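Can you make the complete structure from the sequences, with help from the hints?
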Amino acid sequence: MSKILAYEEKDTWIHQLSGVSKLIFFLLWCFTSMITYDTRILAFMVLFSLIIFKISKTKWKQVGAVFKMIMLFLTLNVIAIFVFSPDQGTHIYGTRTVLFHIAGNYDVTKEQLFYEFNVIIKYFTVIPAVFMFLVTTNPSEFAASMNKVGISYNVGYAISIALRYIPDVQGEFTKIKHAQEARGIEMSGKASLFSRIKNTSSIIFPLIFSSMDRIDVVSNAMELRGYGKHKKRTWYMEKKLRRNDYLTIAFTIVFMIAALIITFADGSRFYNPFV
Amino acid sequence: MKLKFGIKEVVAIGIGTALFVALTEIQIPTPIPNTYLQPRMAIMAFLAAVFGPVVGGIIGLLGHALGDAMFYGSVWWSWVFPDAVVGLAIGIFAKKYAIKEGGFGNTKMIIHFNVVQVIANAVAWIVVAPILDILIYAEPVNKVFVQGAWAFVGNIIIIGILGTLLCVGYSAVGAKSSSLKKED
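Residue numbers (my numbering), protein chains in the order written: chain A, 2 to 276; chain B, 6 to 189.
In case anyone wonders, no lab produced these hints; they're calculated from the structure. Since the structure is predicted, the reported quantities are computational estimates derived from the model, not experimental observations. Even for Gly, the Cβ is constructed at its ideal location relative to N, Cα and C. There is no bait here: all hints are sound.
Residues from chain A shown here face chain B by an in silico Cβ test under 7 Å; the list is partial:
no.	residue
1	6
2	67
3	82
4	89
5	127
6	131
7	167
8	171
9	174
10	197
11	209
12	216
13	219
14	220
15	223
16	224
Derived lysine-lysine pairs resembling DSBU-like cross-links, with alpha carbons at most 35 Å apart:
no.	chain 1	residue 1	chain 2	residue 2
17	A	178	B	113
18	B	13	A	178
19	A	176	B	105
This is how it looks when you write it as structure tokens:
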């Protein structure tokens, strides 16, 4: 199993923030980055994310493997955009400045390069935010503080069960996979498409059955302990919102509004340096 | 329709999401370059068919967002919502399928399940995903529709084969635990 992003305990003010403030930051940050194509805003967001990333003392080895994977997808996506639509930039910015000609319809234009540059930095605004959220948020604390801000504790519980059981399910998957491989089932690309599906299902079947059992066991255990009896719960990992939380939330909202105002000031979500 | 939200649903969402996330990494390569069959979609379809629309939809939404974040470090929101659409649509018929009670197995059910999944996937990947791609990310129109079409084909294959097998298989085993049969 390849390494995935997981919580690691450290002592920085970002770790001490409540999970909810970080979730609000994360969602609004993603939203802003989704809406805006304003290069100035995006550049600021990249810079800001990198600073936050530094403050959170996240180590390269925590995120390096995942980061390489993202770079691969990013490269593929940027190439695909060019192959499918070499004139998307012109379409958006309205001008066409050819730098050099490749073949057929394919010209490299300044507008296209600028558009793809925007696509790339859009990725870079979100990546550090995702890393930070996952690496600095304690799942149990997260469920507790979600409930504290008024979200139904069923939702918090579902999420915390999910986070809690991901490693278990992964472990079980690996165990079943090894057992099946020991029995001679080919999992690599050598087999034909149909037999690959068949072989994958020989792992997924046992996994599903044991997971369905697990659902029964866990929900019975919760029922026995009176889960859902009352409208409210108390939480062991509970954390009250503190000054820094309010500051973070306030900053996020102010930033989002400012970013959207600047973006749409000229009536378009794109920043156009060509006219 | 099963809209009751009890302990079992909470746990099913939790563990279903964990399954979905854990299987994010398992991708079956196909002869078409850069297109993979995702067994996690079959798992979601199965869980939706067992536990209903709310569970299916949330597993799709939460599982896709979490899985992408944990494995790929970024969340492609325009492809998160279509997953929820598929889960929701299949889940609507959970009561009819009665998988846990052993009701899923005859040809009529299998055809019904597959018709639903093909329609749901068509809406999700040929309508919702490309439109969100264009609205959110301003990507080239022809690129997003080609990508959407690939995802559509990949998902109907994997849900059609693996999803159907899971439903039939689990239904057969589930029926044994309550082995009362209706007399002819």
